[in-house]
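Now for the letters of each chain:
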Amino acid sequence: MGNEGLLGEFAKWLKERGYGYEATGARNSSGFWLYAEWDGSIVSLEAEKFLCEMARFSVENVFGSGDSTFCINVAVKWRRGSYSEVYVLEMKTKTVLADLLEETSYFCPEAMERCLEHLIEELEESKKLLALRSPADL
Amino acid sequence: MKGLLNEFAKWLKKRGYDQSSIRALLFKEWDGAYPQELLGDDIIRDIENFLYDMAQFAVERVFGSSSTLFFSIVPLGDYETASEVFVLEMKTKTVLANLVEKTWRFNPDVIEECIEDLIEQLEESKKLLSVRTLTDS
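For the record, the sequence lines run as chains Y and C.
Counting in the numbering used here, the final residue of the first sequence is number 201, and the numbers go up one at a time with none missing.
Counting in the numbering used here, the final residue of the second sequence is number 181, and the numbers go up one at a time with none missing.
For reference, chain C alone in the conformation it holds in the complex (with noise of 0.2 Å):
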């Protein structure tokens, strides 16, 4: 398993995720829209609950699990057609990073390409957030 992968896979199992969910969901090819032997009653609320799980592994990783700021993270889940996720700042009113990515047939290496382009985007959005902070002041 590649590096930040393997990062998130140890952060997901410090939340509860147990070590077979953990394979299913990172090590594997999903079988459709969600691992089917994960599914839960509501696909929709399954998918959304990994996407959301997604960012905030990323915006822990960029402004670590301490920060002050008010960060509210939005999934919206979709077996059909792309699913989305948005990180907002509510002190500031900014949108710091958008995802929208199929997960149909989800695989590692795009689960990690979303990961590095969330944390691309978080990172991207610590000048704009410095500097509507120091406007907004």
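Just chain Y, with the same shape it has in the complex (with noise of 0.2 Å):
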């Protein structure tokens, strides 16, 4: 897989906050997490820190980087052999704005592409729930 699509913007999105670009093999390189099946060594939180950024990147995409509106937080729980979950919460109006169930021991680039445009897609979706709900509502 190039750097082409969705998983190349990742990519970029995370170089400019500090990971290294090149597929260098090295552990904290975007190469390493994107661009080569995860050998199931991954420890926790590591695995939990990676998810987290491309939850973050998927709110950034869809809501961009400077939207003060929302109060969003990302709820991340990696399993080793079993399913991981990343949740998108909204805090102000108390939504989840999206969630994501996958099984992330042996990560490959095209799964991970399809979690971002889910993440992706989910967080659009949330959007009309969000105009719907009100913090004044609570």
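Source of the hints: derived by calculation from the structure; they are not laboratory data.
Take the hints with a grain of salt, since some may be wrong.
Unchecked claim - As a list, the in silico DSS-like pairs of lysine-lysine whose alpha-carbon atoms are at most 27 Å apart:
hint, chain 1, residue 1, chain 2, residue 2
1, C, Lys57, C, Lys72
2, Y, Lys112, Y, Lys155
3, C, Lys72, Y, Lys191
4, C, Lys170, Y, Lys190
5, Y, Lys140, C, Lys146
6, Y, Lys155, C, Lys171
7, Y, Lys190, C, Lys135
8, Y, Lys78, Y, Lys140
9, Y, Lys75, Y, Lys112
This structure is a prediction, so every number in the text was calculated from the model and none was measured.
Using the supplied hints, reconstruct the complex from the two chains, each of which is provided in its own coordinate frame.
Okay, here's the thing in structure tokens:
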């Protein structure tokens, strides 16, 4: 897989946040995470951090980076050999904007791209829900 | 032991916790981010399992154990800073409760306060849930 498309965009976003860009295989480079299948030896904190980055990238993709209208929180649970969970929450309206359930022990670029697409689609959908839910209702 | 903690202790027992674990978790101040004597291979998972049980207990106390709602409990353990637990309802996509607390030196008073806080938030969320269930249908 090359650097085109959503994964390429995600790679650039990671680079801006200090991740290495080259596919060197180093654990903290975006290459290791993005363009090779995860080997199952990844520890939970690293994996959770990365899943969190995927969710934050999706949020910025849909809502932009400078919008302070919302109070967005990301909750991630990574599980070895089982399904990981990602939740994107909006705390002012107490709304679950997106959720993802995915087996990530042997995460591959195709699955990663599908997950990003899923999160972005759910976040786009959530705009309608957010428009109906005012913090004043709470 | 106080009323709510006593109820929680009985609930934990039904879920398979033995008496010594319950004593270490609920009767004494924790000697770190989790009682040393109960530490498994992964302290974060230990903390998260306990936070999960606190939230599950609070959910069952407020909504009963046979509710048709679709709850999701997400505990995020941390042994250095504050841990967090979210209670979500997925049919209405609602955040029902959120607790942020450092577990270092957890003691019976703090545990009870945390459970009370969760119960209070869940009770409050009932109004929101009924409005959202109505609106969504």
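Hint by hint, here is what the structure shows:
1. C:Lys57 / C:Lys72: Distance of about 17 Å is within 27 Å: holds.
2. Y:Lys112 / Y:Lys155: holds, 24 Å
3. C:Lys72 / Y:Lys191: violated, 48 Å
4. C:Lys170 / Y:Lys190: Cα-Cα ~24 Å, so holds.
5. Y:Lys140 / C:Lys146: holds, 19 Å
6. Y:Lys155 / C:Lys171: holds, 16 Å
7. Y:Lys190 / C:Lys135: The hint holds at about 17 Å.
8. Y:Lys78 / Y:Lys140: holds, 24 Å
9. Y:Lys75 / Y:Lys112: Roughly 17 Å between the alpha carbons, so the hint for Lys75 of chain Y and Lys112 of chain Y holds.
In this structure, the one hint that does not hold is number 3.
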